[in-house]
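Protein chains: 2
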Amino acid sequence: MKSKKSFFFFGANRAEGSAKMKDILGGKGANLAEMARLGLPVPPGFTIATDVCRTFYANNKKFPLKLQKEFLRYVRKLEDVSGKRFGDPANPLLVSVRSGSKFSMPGMMDTILNLGLNDKTAEYLIKLTNNEPFVYDCYRRLLEMFGDVVLGIDRSEFDTVKREWNVGPEMIGAYQEIIKEKSGQPFPQDPIKQLEMARDAVFKSWNKPSAITYRNEEKIPHTIGTAVNIQMMVFGNLGTDCATGVGFTRNPATGEKVFYGEYLTNAQGEDVVAGIRTPRPIAELSKEMLQAFRQLKTITSRLERHYRDVQDFEFTIEHGKLYMLQTRNGKRTGLAAVRIAVDMVREKLIKPEEAVRRVEPLQLNQLLHPMFDPKERSRFKVIAKGLNASPGAASGKVYFDPDKVVEMTGKGEQTLLVRSETSPDDIHGMYKAQGVLTATGGMTSHAAVVGRQMGKPSIVGCSAIKVDEEQRLFYAGNITIKEGDHISIDGTSGEVFLGNVPTVESEIMQVIKGERKGKDAPLYRDFALLLSWADKIRRLKVRANADIPRDAEYAVKFGAEGIGLCRTEHMFFAEDRLPIMQEMILATTREDRQKALNKLLPLQRSDFKGLFETMKGYPVTIRTLDPPLHEFLPKREELMVDIATLKAERPTQDARLASASRLWRGSPFGAAAERVQRIAEKERLLARVNELHEFNPMMGHRGCRLGITYPEITEMQTRAIFEAATEVARSGKTVLPEIMIPLVGHINEFKNQAIIVHRVADDVAKETGRKIKYTVGTMIEVPRAAVCADEIANEAQFFSFGTNDLTQMTFGFSRDDTGRFIRQYLDDKILPSDPFVTIDTQGVGQLIKITIEKGRKTRPALKVGICGEHGGDPDSVIFCHFSGLDYVSASPFRVAIARLAAAHAALGKT
Amino acid sequence: MKSKKSFFFFGANRAEGSAKMKDILGGKGANLAEMARLGLPVPPGFTIATDVCRTFYANNKKFPLKLQKEFLRYVRKLEDVSGKRFGDPANPLLVSVRSGSKFSMPGMMDTILNLGLNDKTAEYLIKLTNNEPFVYDCYRRLLEMFGDVVLGIDRSEFDTVKREWNVGPEMIGAYQEIIKEKSGQPFPQDPIKQLEMARDAVFKSWNKPSAITYRNEEKIPHTIGTAVNIQMMVFGNLGTDCATGVGFTRNPATGEKVFYGEYLTNAQGEDVVAGIRTPRPIAELSKEMLQAFRQLKTITSRLERHYRDVQDFEFTIEHGKLYMLQTRNGKRTGLAAVRIAVDMVREKLIKPEEAVRRVEPLQLNQLLHPMFDPKERSRFKVIAKGLNASPGAASGKVYFDPDKVVEMTGKGEQTLLVRSETSPDDIHGMYKAQGVLTATGGMTSHAAVVGRQMGKPSIVGCSAIKVDEEQRLFYAGNITIKEGDHISIDGTSGEVFLGNVPTVESEIMQVIKGERKGKDAPLYRDFALLLSWADKIRRLKVRANADIPRDAEYAVKFGAEGIGLCRTEHMFFAEDRLPIMQEMILATTREDRQKALNKLLPLQRSDFKGLFETMKGYPVTIRTLDPPLHEFLPKREELMVDIATLKAERPTQDARLASASRLWRGSPFGAAAERVQRIAEKERLLARVNELHEFNPMMGHRGCRLGITYPEITEMQTRAIFEAATEVARSGKTVLPEIMIPLVGHINEFKNQAIIVHRVADDVAKETGRKIKYTVGTMIEVPRAAVCADEIANEAQFFSFGTNDLTQMTFGFSRDDTGRFIRQYLDDKILPSDPFVTIDTQGVGQLIKITIEKGRKTRPALKVGICGEHGGDPDSVIFCHFSGLDYVSASPFRVAIARLAAAHAALGKT
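Protein chains in written order, with numbering that gives the first Met the number 0: chain A, 0 to 909; chain B, 0 to 909.
Chain A extracted, bound-state conformation:
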């Protein structure tokens, strides 16, 4: 039986492989083959299939013996086609050996150039080229790369020699000495031996720790292995009529349709990226080597049309002759991705559907948030790295107290709020700050969720910093940053910079905010056009989570088709309402509580009115009060500390001291009495806070449990909703309120609250003479609701998955506390991804599927949505599509992402 083909030749306008064979040949090998097929000038070579890499590992990291003969046959074929031979005095063959897996892993695996050189062939080449510096330079590079990649010698070992010596035979001798000394074996003079060792080293480089880490980050499977490409060398460093360069067929940062790249004359490939010499813009190549430049433009344009995508290419010019060394689809920023996709549709290169497919949903983020000027950021020092919770760039002076942030922002300062962690008490400061940095918390901690909700750059769980809020400073390693010092945070990368990194503003946000007209904003136009194509493709509806009219307005502009979650409690944290809320909580009788609620009613009503007006005609899902009441009160520890401090001031001693000095001061007894009174007040407050204190507030007295024990709260909220709806309906607008009961686990909880809603709705209808159409549904947040969904669907008219809580309960992970172990879980592959970022389809997802199946068994037309953080996560949106949900609801700033992801799902992306 013939075994599977393991080697694939390319060159001389022919190839055994093609662009479709990336699985087998890797990206580089497949594209080299494709270029050869197209008749482009590609130096000949062959690719060892990825299969061999797997066999190599299965064979205890040894090249399989049975393939050796075939390997040598391909070496001979390369010699034949190139007309050169290894070690041939007349025409010695030199080759490059490069890795190349299916997915690009830039810089991760190893490359060896100039292989085939040895002491003899170097001599021959000097004679042949009459270019001694060139040959020794090539040889030096080979020794360095071979020493590093094959023999595991740290490149710095060569540094002294490289720095102090001239390139020449002595340097080569010294390099060989180093190799012998460090590796215990001399540099192999036999080219075939060199080649075999290099080939095996490339296979081994697949499992270098850095490569493994990279694949973990990029979610590339570890099992696919790398191919090895062995290719005849061509030289950009043979003289001034030689060059080497890289380029893109369009600008990968902006998407502009310009030929883009850089090159160096008389250089080898690695020099362009090494940063020792500054490469020149590719346009200048036309001045130096016009013919080659024209040929390069023609070839790359053809490649772009052939691949119907931007090409990222590498080339070398040897004595004026152009060689193509690589081409691939170019990576690009979100900005460029959108522009290129839309442009290519305009150019009829691709169909709208393909354009939609080309843009990764998360790339849209980059279009929305202010960015650090890419030209400037490298000047600044990175002092710490945390979780990139909410993308975007923010600079400002550091403050540790939300009140201070508000104060200093009022004085015109740009501020950043830095805290160990944030709580709802900090919201006012978060609104005002440019961005938020916390030392603790995960991707769905308070700071992260609110940050994304606000579209505010945020870094959380930055354990590299230690925040001392009392001293008003934080440490990052041995650097101390004090209140008022300037830092910058990149919420996209998670990096914290010392100093003020300049930013550039997002065009699209200017349009959304009404600061600029859409028609004058080309990027916005492209963005809107792309999304309009996505809308035609997707089945899932997309709504937004919005609590205030401004957010609702942004949501509509971003294309939201309704509000999927209005968190009424956020309305109570406002400065003018918190005291009334506290009054309500501190009330000891139902009457007093009702009094406070009566004060809140008109405020809530006007909130809802604003929302209904903004969302004209779209459904608005309003959730009744959800968080535990103690979130509205001062913190327990703070009160305890205050009281202890007041007490420790020892009024009796003070008084004694004062009595001795009564004559020369005001009455000290007044001060003592005042202190006693303050202690009593604080103790009273503490007593109530203690009563409300919970060990695990996330699973405590919250959600519908509040509405059940304090029905008057649900009554007030329902009344506010229906009074507002009636007022807006009177003005002729359609209003579609959907009242949503949170944290329901048992059908009776739902019934209890639904009865109140129906009763109050009827009351308002009677009082106003106008009936509003509405529905009452529930969140599915606790696993019990999932397994009892059939029963709950008897009563609930819609379901909305609160996947934050559902994930918490399903895993038993407190989202605020996972920081302590989630990093290790991800690094050790215990979990494939953070379940608070992307839905855990296996566990949580299974509960979601059970819910939908059971719910629709009872109520076939049951509307089902999701309003957790996952509603704006593309992978999760795709899961929602395939699970049969009706809509996802995301923060306004994620609505576009969700629209695009929903289209991807409809296109079958998984």
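Some clues are possibly wrong.
For identical chains, the list gives no copy identity; a pair is met inside one copy or between any two copies.
What the hints assert, rightly or not - Here are the simulated BS3-like cross-link-like pairs (lysine-lysine), alpha carbons at most 25 Å apart as the crow flies:
| hint | residue 1 | residue 2 |
| --- | --- | --- |
| 1 | Lys-3 | Lys-61 |
| 2 | Lys-634 | Lys-465 |
| 3 | Lys-646 | Lys-481 |
| 4 | Lys-535 | Lys-862 |
| 5 | Lys-218 | Lys-750 |
| 6 | Lys-750 | Lys-770 |
| 7 | Lys-750 | Lys-828 |
| 8 | Lys-681 | Lys-465 |
| 9 | Lys-681 | Lys-481 |
| 10 | Lys-646 | Lys-681 |
| 11 | Lys-192 | Lys-65 |
| 12 | Lys-465 | Lys-396 |
| 13 | Lys-646 | Lys-634 |
| 14 | Lys-181 | Lys-203 |
None of these hints come from the bench; they were simulated from the model.
Model, not experiment: these values are computed from the prediction.
Fit chain B to the given chain A structure using the hints.
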């Protein structure tokens, strides 16, 4: 079509009903019918079926018109059979009207006696009986009962007249005046009208608030309704040859086979229970009315044999003639239940299977815990009532600090630990205290769980008390109880008494503790015999949760067939280990952590050795470390308060002051420096506590998450287990360790820990040359594990449901925080029972069923058990039986209960 039969006559040795018709006739009516059938002397009467009660409510609380004719026909039939007629001057009929539902609801619904009396019939009766006081007494009672039950007049309205006036015509007049004034209508003179009003009032009394509450407590359905019994009056108050009484065929408190009861001569039924006159022991009746006494003994013995159970009966003797007014199966204490069941088997009245069925598993509790002397407890004042978390009686001096409890117990005091709540830090105090009382927490709060585990009487969630730990006192209403004051708590009822209520010790516990021999303890013998019958019936195995050899020893004596849960962390709270544990936690390097672990290793090893030795041959399931590490450190708030207090002592001012007075004191700078140092120390500790602080520790860094981030802990624990097992195996004993990984949600978590266990087990086997057979399994505690059980069963060799956590996560209920709403949830019937006490079969139970189904699909022989608190709850044990579990594991003190419940399940009880 003929409608359903609504009225059932009894009397004159015949009856239309029978004992089997309790659904229709209620308990009282069915037994009256049965007695009539048996030819016993029952005054004639008829029963209105429970069906009519339902119709009554459906008919807007009106008696259905269409039944009125039939009703009157039965009244006439009663007149015919009794030979008396309503209002007949010659022989006026008087009747009683009593409620009677299927389930006994003592004192809950209403009764009216002497109905048929009016101004005229009273006159007739005086003539007929020549007993004016008797007639006016009867009339007075009727007016009072009718006023209360039918017309809703508070009985106290009659108090002044009753106290100050003689029974006679003036009193009757005054009573009638009160009735007219308070109800707005005169007392109806027409007996039929009286009867109709009384009948309807009895139906209405079914839904009195107190009756509803009672049914809620006793889990009696609200829909079954009550029957009404209308029966000819016979009079125990016609003179000294008349009497009335109640009794039991055996002693319902002890089970002793003695004729038991009390009676009053010349009295009506209500007098016996009212406590105005002191009733006399029934034995004395033989001296007063020998013939009636003999007849009563004969009849009740016959009834006991007929019903094959202890009878609780009521009788009246009218002029020497005995009438039976009621019989029913008697309620009894646990003590009596066991003795009676076993005795009746001995007497061949019932089969062992029936005896097993007769004892409610929870009744066994009463046999284990010390009890308040029933004769003494009524002397003491109940000052508060909380949740009856752990049954039994305890008295002692109140202390608020576990250290103080240890100290005072050491001095020979009986102590009670009173806290707002307890934490693992308090364990040493809880061990020493007689009982525990907390103001907060639910039935599975720390205090409750540990209380039951220790078999220590505990009342938790006693919100009626306010604990001020700092002032060392608590308030119960306006009573202040200070440190050292005496109180008593009844963990069975939840009552807190002021003072020292005397207790009696449990015989069975004396045997278990080895203080008494089983063969000399008759109650123990009955108990053991009954359970041996249960063992033959049950399929479920029963294990115990035990952490220390002493508990394991008790468990074996209680019949445990293995340890289902050994919580290794409890071993670390011991006084000699906590400091090492803290050292381990505070370590900043792996090396330092390892050092501390090395110190813990021999201690753990000896713990396990003790367990293995005690459990000779039985399996021992050992769970690796579970709780979050901060449980082992001081509390965060306490540290914060300490630091604030130290700081507020303002060293600078102190120093200034001191410098002015340096001459007459020691150096104050030393004290200041010392304070600064103490602050620094505490701040260092606080920093670590802060690092470990969690918002929701129950869902935080605990369970296998600890073992994953600190693999060296799992290593140490595994090594301790296998070294101990090897040592015990060397002595020739069988050892069956089962290592259990807690809080697994994802298969990879399990794999990670199982690899460590297998590796260390192999290491120890190599070191010792002896292989120990063992298994590695997992707890099923998080919903994710349930839905992914098929995958987890690929690796895990057994499952054990941690239903405490599973309930927490499934509901999203923190067991420590449910106190705030669970009472209302139960009262409002939102939940049928506390899910931390009885498994929520619908939600949590569904996850359990999914787990078993999926787990056994992968591994058909998978062993599945339960080790949550529910393992000792009879309803939950029954659920476990029917769900196909292999075993339940309960606290040692619940093992007997579980054995009995498992037998009940096998007998088909649901």
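Inset, instruction - May I ask which of the numbered hints given earlier this structure violates, with the numbers listed in increasing order? - result: Hints that this structure does not satisfy do not exist here, as all of them hold.
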